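Engineer: Kindly produce the complete structure, drawing on both the sequences and the hints.
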Amino acid sequence: QKEVEQNSGPLSVPEGAIASLNCTYSDRGSQSFFWYRQYSGKSPELIMSIYSNGDKEDGRFTAQLNKASQYVSLLIRDSQPSDSATYLCAVNTYPNFGNEKLTFGTGTRLTIIP
Amino acid sequence: DGGITQSPKYLFRKEGQNVTLSCEQNLNHDAMYWYRQDPGQGLRLIYYSQIVNDFQKGDIAEGYSVSREKKESFPLTVTSAQKNPTAFYLCASSIDLWAQPSEAFFGQGTRLTVV
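Those protein sequences? They're chains C and Y, same order as listed. Residues in the first sequence are numbered consecutively from 166, following this note's numbering. Residues in the second sequence are numbered consecutively from 16, following this note's numbering.
One or more hints might be untrue.
[Unchecked claim] In the PhoX-like style, the derived pairs of lysine-lysine whose C-alpha atoms are separated by at most 25 Å in a straight line are: (1) Y:K85 with Y:K24; (2) Y:K24 with Y:K86; (3) Y:K98 with Y:K72; (4) Y:K29 with Y:K86; (5) Y:K24 with C:K207; (6) Y:K72 with C:K167.
[Claimed, not checked] Label pairs and their computed distance ranges (CB to CB): (7) C:E180 with Y:D111: 39 to 45 Å; (8) C:N261 with Y:L42: 24 to 30 Å; (9) Y:N33 with C:N187: 39 to 45 Å.
Rather than coming from a laboratory, the hints here were simulated on the basis of the structure. The structure presented is a predicted model; accordingly, all values stated were derived computationally and were not measured. Beta carbons: idealized from backbone N, C-alpha and C, even for Gly.
Structural biologist: Okay, structure coming up:
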């Protein structure tokens, strides 16, 4: 089982609709969860972080965390063509005692259709 | 102007050569990371360091080496033992993974090509 799993897509969403991106993780001890956006040929850009169960909203973005079910999701409301990118889920994991690392999923490619 | 600087942006390596990728940050972050990204793939962790003079192997450390002599700097050497080094290399840093918030921020990346 991969440490962080995402549907690779591509996910196509009409402009103005809600895009929903999902991520599951395997380490029950994980405490920090992040969503990054990556445009083609560019480095990842942090768009959301979440640490507690529930929803966290920032503008058109909402991150949702459910630790019991070990999943984290990202909703993008009123999707715009500029939201077309690959979205990476990242989770802190513990390879062994005293060490902590940031593990990424393979990313979901999102395309907003005008 | 705070941030993470990677250099060079593009790098060409001949077969059998070692090359060193530079990563410098002025954010006063304790933790630093190196990731590799292949076309259409996610980020795979090469090495990470949570404190000066200490670093840990990630998931794909073979053929790579690092040092962390200063808080600001975490250079990555791609050795001749790395059989498929052509990739996009990303350096990141965060305050401290033990703290919250612990967001990691990335440099602009180095695109390495073997010729």
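Engineer: Each hint needs a verdict: does it hold in this structure or not?
Structural biologist: Cross-check of the supplied hints:
1. Y:K85 with Y:K24: holds, 22 Å
2. Y:K24 with Y:K86: holds, 22 Å
3. Y:K98 with Y:K72: holds, 18 Å
4. Y:K29 with Y:K86: violated, 31 Å
5. Y:K24 with C:K207: Distance ~11 Å between K24 of chain Y and K207 of chain C Cα, so the pair holds.
6. Y:K72 with C:K167: holds, 18 Å
7. C:E180 with Y:D111: 39 to 45 Å: With Cβ atoms ~40 Å apart, the hint holds.
8. C:N261 with Y:L42: 24 to 30 Å: Holds, at about 27 Å.
9. Y:N33 with C:N187: 39 to 45 Å: 41 Å Cβ-Cβ, so the 39 to 45 Å window holds.
Violated hint for the displayed structure: number 4, the only one.
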